[in-house]
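The sequence shown: position 504 = 504 (this note's numbering), numbered continuously.
I should point out that these hints are in silico values taken from the structure, not numbers from a laboratory. All figures in this text were calculated on a predicted structure; none of them were measured in a lab. The beta carbon of each residue, even a glycine, is placed where N, CA and C say it ideally should be. Hints should not be assumed to be uniformly reliable.
Calculated pairs, EDC-like style, for lysine to aspartate or glutamate (alpha carbon to alpha carbon, straight line, at most 20 Å) [to be verified]:
#  : residue 1 : residue 2
1  : K456      : E487
2  : K161      : E87
3  : K161      : D183
4  : K395      : E178
5  : K456      : D439
6  : K138      : E150
7  : K72       : D28
8  : K232      : D298
9  : K345      : D439
10 : K464      : D436
11 : K345      : E487
12 : K464      : D494
13 : K161      : D272
14 : K464      : D415
15 : K395      : D415
16 : K456      : D494
Ranges of calculated distance between the beta carbons of each label pair, as one might list FRET restraints [what the hints assert, rightly or not]:
#  : residue 1 : residue 2 : range
17 : H180      : N305      : 23 to 33 Å
18 : S54       : D183      : 31 to 41 Å
19 : N531      : H75       : 27 to 37 Å
20 : R141      : V115      : 21 to 31 Å
21 : T296      : V115      : 43 to 53 Å
22 : R492      : S240      : 34 to 44 Å
23 : V325      : R492      : 22 to 32 Å
24 : D28       : R141      : 36 to 46 Å
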Amino acid sequence: MMERDCPFCFPSHDCVVHEDSLVRIICDAFPVSLGHLLVTPRRHVGDWFAAAPSEQQALTAALITARNIVLKSHHPDGFNIGVNVGEAAGQTVPHLHIHLIPRYLGDVDDPTGGVRGVIPAKANYLNPNAVSGSCQGKLIRGGALDPLLERLLSDLDAANKFDLAVAFILPSGVDLLEDHIRDLLSRGGTARILTGDYQFVTDPLALQRLLDLPGSLELRIYQCRERSFHPKAYLISSNSGQWSAYVGSSNLSRTALCEGVEWNYRIESATDTAGLAEVQAAFEALWADPQTLPVTADWLVDYKNRRPKDVNVQVVDNMEPDGEVPTPHLVQEEALEALEDTRTKGNCAGLVVLATGLGKTWLSAFDSNRPEYRRVLFVAHRDEILGQSMRTFRKIRPHARLGRYTGTEKSLDADVLFASVQTLSRLPHLRQFALDAFDYIIIDEFHHAAAATYRKIINYFSPKFMLCLTATPERTDGGNLLGLCEENMVYRCDIGRGITLGLLSPFHYYGVPDNVDYRNIPWRNSRFDENELTAAVATETRAHNVLEQL
């Protein structure tokens, strides 16, 4: 089709409801519902993949404008957004156009599946009589073109239960799934992970990282005792109650999930109830087998001691990395030297100020990793910070016992303990520990330390050294932070120098009007209630408002 014949290059003026330098919004000539609009580029572009990145961005932003136009005249209950690319996908005009289709309750008998309805038999994947929802086929062949990982993550990110039984677990496999399992657990989901000690291939560091995860996760080991052990099954339950399972040849490693030729077969409860039940029963039997034991910190120490140093992991994963040992960058090296110097002078506490992004947690992990600091306490005010810090310390101390002390988990014998200030500051909890229980204490986000909860912890313990960290030492309430750490400013590197050194990126601030009514947010103890504030500002409406104004 020539541009002069294209209905989207030269639309009727009556059909155009909005346009700018890059896009037009026009009324569909054959609407499927009231308010059906098309968002098109002004330039004659064949399809989405031929559009320039700037056009794709403009088209995406214009969808919000189109939605607002529809809402001024109609009251839909939902929307479908769709792009047809190529004749096989139903594209009839070879000029890119995005459909914004308003949907109304009752406009079709069964709207389940939405845009999946382009292949009608597979639209309602919740219907037990429907054809399998996996249009890619049930056999996953592995390799770069059909890796198991993509299927796993797609299911796992919508899951509430995850059961896994594999012969071997390696750090490279944990690298791929750790954040997704963490998300599952943070949503209140559960995970059960079972592996074996066959030929000592399973890596103790991989098991340690799984043990570090917070939430409802159980980790068990099958003691092989000269018997081979090669199950590989991943079972996942969605919030809708549907189960899927992958049974085949993939262990939990990068090669098995991403690159290797591995065959795995997908079974779904919606289409093969009996088959799925067999896999579940086999997992439960193995989970309850007398040779299966919980993985504990003590068991892990024993396993590390028994494991030969020359285990040939390459047999099962030739891509398993050796693991680079993290090293400090320039600013951290300067801070480490300053900390060593201050201790030489007899100081037992000090404040380090590093701009956000310069690695305060890494600095504390480097500095506390010394033989004289047998036990370390890391204190922060948010569980999220504790979890992130724990991951950082794990990379520096791969064999250490790391533990949490929070409202839901209390580890008393950890080498490095990550404690919530709200929990630890209560006297019954403090009394669980001797005054000299910790050789090195880290107080993160030290700008909060003037609060009574922090001062209780600082005043209770007597460490060999206390490191205080913040990016924002100046307080508006007159609190004296230096007074809490022996008036000792050890080192400071602000954002300007971080940018000059190339460790931080330059940035611009943009101020936009805010639609949040802060009068409705409770004000307690000279600050907004954190939970109420988060609920008010962390919304899609507020994000759309910012995008529209930018």
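Hint check results:
no.	hint	verdict
1	K456 x E487	holds (18 Å)
2	K161 x E87	violated (40 Å)
3	K161 x D183	holds (12 Å)
4	K395 x E178	holds (14 Å)
5	K456 x D439	holds (18 Å)
6	K138 x E150	holds (14 Å)
7	K72 x D28	holds (17 Å)
8	K232 x D298	violated (26 Å)
9	K345 x D439	holds (18 Å)
10	K464 x D436	holds (8 Å)
11	K345 x E487	holds (14 Å)
12	K464 x D494	violated (28 Å)
13	K161 x D272	holds (19 Å)
14	K464 x D415	holds (15 Å)
15	K395 x D415	holds (14 Å)
16	K456 x D494	violated (29 Å)
17	H180 x N305: 23 to 33 Å	holds (32 Å)
18	S54 x D183: 31 to 41 Å	holds (32 Å)
19	N531 x H75: 27 to 37 Å	holds (33 Å)
20	R141 x V115: 21 to 31 Å	holds (27 Å)
21	T296 x V115: 43 to 53 Å	holds (48 Å)
22	R492 x S240: 34 to 44 Å	violated (53 Å)
23	V325 x R492: 22 to 32 Å	holds (27 Å)
24	D28 x R141: 36 to 46 Å	holds (41 Å)
Comparing the model with each earlier hint shows violations of hints 2, 8, 12, 16, 22; every other hint is respected.
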